[in-house]
Amino acid sequence: SQKIEQNSEALNIQEGKTATLTCNYTNYSPAYLQWYRQDPGRGPVFLLLIRENEKEKRKERLKVTFDTTLKQSLFHITASQPADSATYLCALDISSGMRFGAGTRLTVKP
Amino acid sequence: DTAVSQTPKYLVTQMGNDKSIKCEQNLGHDTMYWYKQDSKKFLKIMFSYNNKELIINKTVPNRFSPKSPDKAHLNLHINSLELGDSAVYFCASSQDAAGAGRNEQFFGPGTRLTVL
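Those protein sequences? They're chains A and B, same order as listed.
Numbering-wise (the working numbering), the first sequence opens with residue 1 and increments by one.
Numbering-wise (the working numbering), the second sequence opens with residue 1001 and increments by one.
Chain B with its partners taken away, still in its complex shape (with noise of 0.2 Å):
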């Protein structure tokens, strides 16, 4: 019954490693989302995708990409991770794109991911 789902909920490495966070979701949602909720819990959104269009929050490192192998799945992979990466990062999925209207967020349980 999970409608958006990450793995894993929890992950420590060392700086300097790449690390992949998996996103689902079983909702039939066409934009997927990426979000960084930093120590101060401001959630802030790193990327917006559907597919038809990437939209990137310009001050997010290049270090950090989204890969989607299909609608339903919204990938992060982080390259060279620094100590300023640890966060919760949160995904979202919702049904049309930003500023469409029927723009509700459904977001996964979260990953803590802590950089060492």
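So here's chain A without its partners, still in its complex pose (with noise of 0.2 Å):
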């Protein structure tokens, strides 16, 4: 069956830590793989897309990677900041529409 598993439903770090967080999935290839953060009570934001031709992606703190022999892509959050507390989801875009991961709630205390 397919599946896109977020490995930690919740991950606690210390401020100025990276964060690390993974997305495996199975039975699926996507062509594109998407990054969103979600705050509560609020829709997801987009924060990246990676391709399956490349490697890895970076946009400020932030850095994906996408592994498609491995079917996993890993998001980084370097220099963590209180701010970055939310929910974090991955998405893989294919023909019949995105599929979410259930998310991994991240919180970073000071």
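Hint data in this document are derived by calculation from the structure and do not stem from the laboratory.
Check each hint, because a few of them may be wrong.
Claimed, not checked - Capping the alpha-carbon separation at 30 Å, the derived lysine-lysine pairs in DSS-like fashion look like this:
1. Lys-1067(B) x Lys-109(A)
2. Lys-1044(B) x Lys-1071(B)
3. Lys-3(A) x Lys-57(A)
4. Lys-109(A) x Lys-59(A)
5. Lys-1022(B) x Lys-57(A)
6. Lys-1036(B) x Lys-3(A)
7. Lys-1022(B) x Lys-1036(B)
8. Lys-17(A) x Lys-1041(B)
9. Lys-59(A) x Lys-1022(B)
10. Lys-55(A) x Lys-1041(B)
Given two chains presented individually in distinct reference frames, assemble the corresponding complex, making use of the accompanying hints.
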């Protein structure tokens, strides 16, 4: 069966550290993978998109990797801040529509 | 300035009623979507729609129907509401169709539906 798994339901880290979130998928072959941020009571907000032929993508303190052999994406937030606390969702862009993981709730403690 | 807007923000209704949620986007996007986010926060696509094609997630009951009066609007109509329909419903839009690449989703603020 097809699955998207974000390995940690919750992740707590100290301010200034690097947060690493994992997204694994099975029985999908996405050409694109995206990451979103969702704050409580709000809709998800797009952060980054990475293509299957890209190994890594960066945007400010954010970095995403995409390994189509391992069927895995890693999402890193460097120099984390309390304002980074939110739920982060990975999403596979396939022809029948986006498929989201269940999300990882990140808490950055001061 | 709102990119994707939805109304109402909250909807409380009795089982068996019919209700609609409205969605509008001012981004000039070609594709719009409806998602359901359940109590476990799992975001699931219900419909993907552009002026050429409606893609329906086969798990969506036929009590749910999207209605698009024009490219900027995609409303969600729900017949015979059931307790299990209680969730947050998000509208979204993107420049391209699913799988086409330029598919960053712009989400509305959500409509929290409670069926009593």
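Right, here's what the structure says about each hint:
no.: 1; hint: Lys-1067(B) x Lys-109(A); verdict: 45 Å, violated
no.: 2; hint: Lys-1044(B) x Lys-1071(B); verdict: 22 Å, holds
no.: 3; hint: Lys-3(A) x Lys-57(A); verdict: 24 Å, holds
no.: 4; hint: Lys-109(A) x Lys-59(A); verdict: 23 Å, holds
no.: 5; hint: Lys-1022(B) x Lys-57(A); verdict: 36 Å, violated
no.: 6; hint: Lys-1036(B) x Lys-3(A); verdict: 18 Å, holds
no.: 7; hint: Lys-1022(B) x Lys-1036(B); verdict: 14 Å, holds
no.: 8; hint: Lys-17(A) x Lys-1041(B); verdict: 26 Å, holds
no.: 9; hint: Lys-59(A) x Lys-1022(B); verdict: 34 Å, violated
no.: 10; hint: Lys-55(A) x Lys-1041(B); verdict: 29 Å, holds
The earlier numbered hints that this structure contradicts are 1, 5 and 9.
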